[in-house]
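**Student:** Starting from the structure of chain A, add chains B and C where the hints point.
Residues per chain, in single letters:
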Amino acid sequence: MTVWFLRGLRRGVVTTRYPARPDSSAADLPTPPVFAARAIGRALADRLVEVCPSQALDREDDELVFDVGACTACGRCREAASWAVQPSGVFELAVTSRAHLVKRIPLKPERGRT
Amino acid sequence: MTAVRPGSRETLAGLLGSIKGASVAGVGNAVTLQLPAAELEPAVDHLTRAGARLADLFAAGQDPAVLHLVWALDEEHQYLVVRAEVDGEDYPPLSDLAPAAFYEECEIYEQFGIRPATGKPLNRVALPPHAGPDFPRLGRQPRQAPAEVHAPHTVGGHAFEFPFGPVRQVGVESLYYGLVTSGEEVVDLYLFTWHKHRGLEWRLRGQAPRAALFYVERTEGLSAIALSWAFAAAVEAALDASPPPAAQRTRAVALELERLYNHAAATAALCQATGLSVGQSAAEIALEQLLRLNAAVFGHRYLFGVIEAGGARRAPDVDALRAALPAAHAELRRAAEALLTTNSFLDRLEAAGVVTGEQARRLGLVGPVARAAGLAHDTRRDHPAPPYLENPPVVAARTAGDVLARFGVMQDEAADSVRLIGDLLDAGAGAGAADLRPGGGRSRSGLGWAESSRGEALAWVSLDDDGRIARARLRPASVRNWRGFDDACRSQNVFTDIPIIEASFWLTVAGTAR
Amino acid sequence: MSQGELPIPSQPNVQQTPAPQGERGDPATEDQAAAALRQRIASQFGRSLHIRTLDTGSCAACEQEIRLLAAPHYDLHRLGFFFTPAPRHADLLMVTGPMIRAFDIAARKTYDAMPGPKVVVATGACALGGVYPADAFVHGAVDRILPVDVWIPGCPPSPLALLHGLLVAVDRLAEKVPELSFASDSASGKESG
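Chains as they are written, first to last, in our numbering: chain A, 1 to 114; chain B, 1 to 514; chain C, 1 to 193.
No wet-lab data here; the hints were simulated from the structure.
Check the hints yourself; a few may be wrong.
Said to hold, decoys possible - Computed list of chain A residues with no C-beta within reach of chain B, every gap over 12 Å:
| id | residue |
| --- | --- |
| 1 | R7 |
| 2 | P22 |
| 3 | D58 |
Said to hold, decoys possible - Label-pair ranges, simulated between beta-carbon atoms:
| id | chain 1 | residue 1 | chain 2 | residue 2 | range |
| --- | --- | --- | --- | --- | --- |
| 4 | C | R78 | A | E110 | 52 to 58 Å |
| 5 | A | L6 | C | R47 | 32 to 38 Å |
| 6 | A | L6 | B | E185 | 38 to 44 Å |
What the hints assert, rightly or not - Now the stretches of chain C that chain A is said to cover, found in silico as 3 or more residues with beta-carbon under 8 Å:
| id | stretch |
| --- | --- |
| 7 | 127–137 |
| 8 | 161–174 |
Remember, it's a predicted structure, so these values are computed and weren't measured experimentally.
The C-beta atom is built at its ideal place from N, Cα and C for all residues, glycine as well.
Just chain A, same shape as in the assembly:
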């Protein structure tokens, strides 16, 4: 067993300090997107809803309904509209209430509609 003991000593500690300190490896993790408010029109929103493979997007009138819980961070919505959709960088997504994962993003208001 000496070989293991010495190896362990040489290797040192690799344990993360999270949550006391942030962990730098988090920067490479895929994260759910952020949508530009009032910048996406209805047609594009419908396209994003269609392109999402995971039922995370829906449109209700002039709101994009984004279910962060269903999001897999696959990036397809970002590819469809990279100017309006960016990674959030947020990986700490746990909640104690399911409703808090459902976000409503205002769309670009249609001209001539109330």
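**Tutor:** Only chains B and C this time, still in chain A's reference frame:
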């Protein structure tokens, strides 16, 4: 993009020519033959005698259902798809001639209602017990419900059997098996995987290939690259499309990274199964470094979202890869070297879970399980698609067929993966995809393959006139290799060997149950 | 991608637990319930917590991330968390997968075998209603069969995300998502809060 090597053409032509009643229905990266059902039995006999390996068996279509047999002619570097229309409910018995087919025959019966004409009972393997007439199937419901699995066994009258699972120890997939034992010795072991059946092949119908990849890579998440590559290649074969060379190299870089982390994970699982916590920690350090490497290089720890139908969606971060890969592999290599000097570890592995070469051949096993038993098949060398044509792997093999041999094969492969990645990066890896025009191909059906860390992963796809999926067949290596697990556990092993054998197979239930 | 309507088979032997928190429930009532639960949890589970895992149909990636919680890089033991294979010892149930219907009975049995007080953590996009919609194969989300207390998104959630989720479950870390809008003021992508 043909993979038939000159010189083997004559053997191949001779072989195909001597199959009675066959007509060539398509030539691409695989040859497709059409046969009348009555000629199936002699054809199977003929191909088996010629040394062909039955790689997969599935059905497609309804009224009539069409049986598809995928044969791998490894020496001739050729895949063969044999199609036969089945009128009515019966087709000629195949698993007597090709024992590797029994599991598939059961699955086909549950999904399509067609069965071999022997009258022997078929087991319920794929669909859950409550699957009534409304349950989504790929074809017709079978007229008679399939039997429950019970392997006949006699051991001095004292064997008893108990079901184990599906909820098992912490952090492992649900798996349900029947264990037959006379006390300590494993007399028989049979697996049920229907509780993890998510109906992937059913879900893919009607989808566009690019959208379908989201589900394909989540069929068996630990083989996301291998299965999505096989599927993308099947689509490309159907549409006569070729990914750009840089994208092909990206796929291979990702596939080798996938192989690396899986072998590290299997090493950690072996240490856990043998109670060697320190070794487990060492292997886990390597595994975590490799997963972080995947995230830095391709944006996802498990390499989801890399492969696109037609090419690759993302290019690797070459600098990050070159910088961190040597250290990560060195971590795994040092752990393995230390393990090979630890007697308590070696004692548990030697002569445990033996799969003989004969068993591996008879059951059509693939991957490290087969290579450790002396069957040195590797689709990267035997059916090379770019970039493996220009960058062939060194195929690792052993002969003992036990857990230790499988461990050795995995370590050799890990080292070779590092070499391959270096060569591929030197040649240049990038993103990009070929145009996929619906109706661009002639046959609109195609076969694809990739060598996952567990072995040969296959996919076959048939597209309709709009380029959408009419039928998708997904066959991860796990589907093939679980049938060897029974034999491996049965050979004079005891209960506590089962987790060790399971770790050395390193399959998934998700990939089998789909 | 429309699969059409599928007849959903009934399972007479399985009691369906009405999920207290539905997909888009009322935040105010739920906040109260969540606060009460957090209080109980903090007093009972604050120091040490035993975790049982349950796979209801995952692709196996979530399981690999969960296993890594005990690995050197993450070492959940230093935070007072322990894995246990015995439901009788467990305080918290981590559930992955889209709750395949064939798994209903096994899932309920596992949950029922755990003595109270207990916490259920739905883990990963499949368990939260993503990836697989409800149909004849799957319920689509864990909270259609079991009462869920904490939801952890991700595909798969990384061990860091899992640690955050577990610490939220025992009220040792604050949730971040309720305060975020996932909408940016401009196309630059900065969170507008």
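**Student:** Confirm or reject each hint.
**Tutor:** Tested hints:
Against the 12 Å criterion, R7/A falls within the reach of chain B, whose nearest CB is about 6 Å from its own CB. With a least beta-carbon separation of about 15 Å from chain B, P22/A lies farther than 12 Å from that chain, consistent with its non-interface assignment. Distance to chain B confirms D58/A as a non-interface residue, since its nearest Cβ pair spans about 17 Å, more than 12 Å. At about 54 Å, the beta-carbon gap between R78/C and E110/A stays in the expected band of 52 to 58 Å.
The supplied range of 32 to 38 Å is met by L6/A and R47/C, whose beta-carbon atoms lie about 35 Å from each other. For the pair L6/A and E185/B, the supplied restraint of 38 to 44 Å holds, since their beta-carbon distance comes to about 39 Å. As drawn, the stretch 127–137 of chain C meets chain A at 5 residues by the rule of a beta-carbon pair under 8 Å; at three or more, the given contact holds. Coverage of the stretch 161–174 of chain C by chain A holds [criterion: at least 3 residues with CB-CB distance below 8 Å; count 8].
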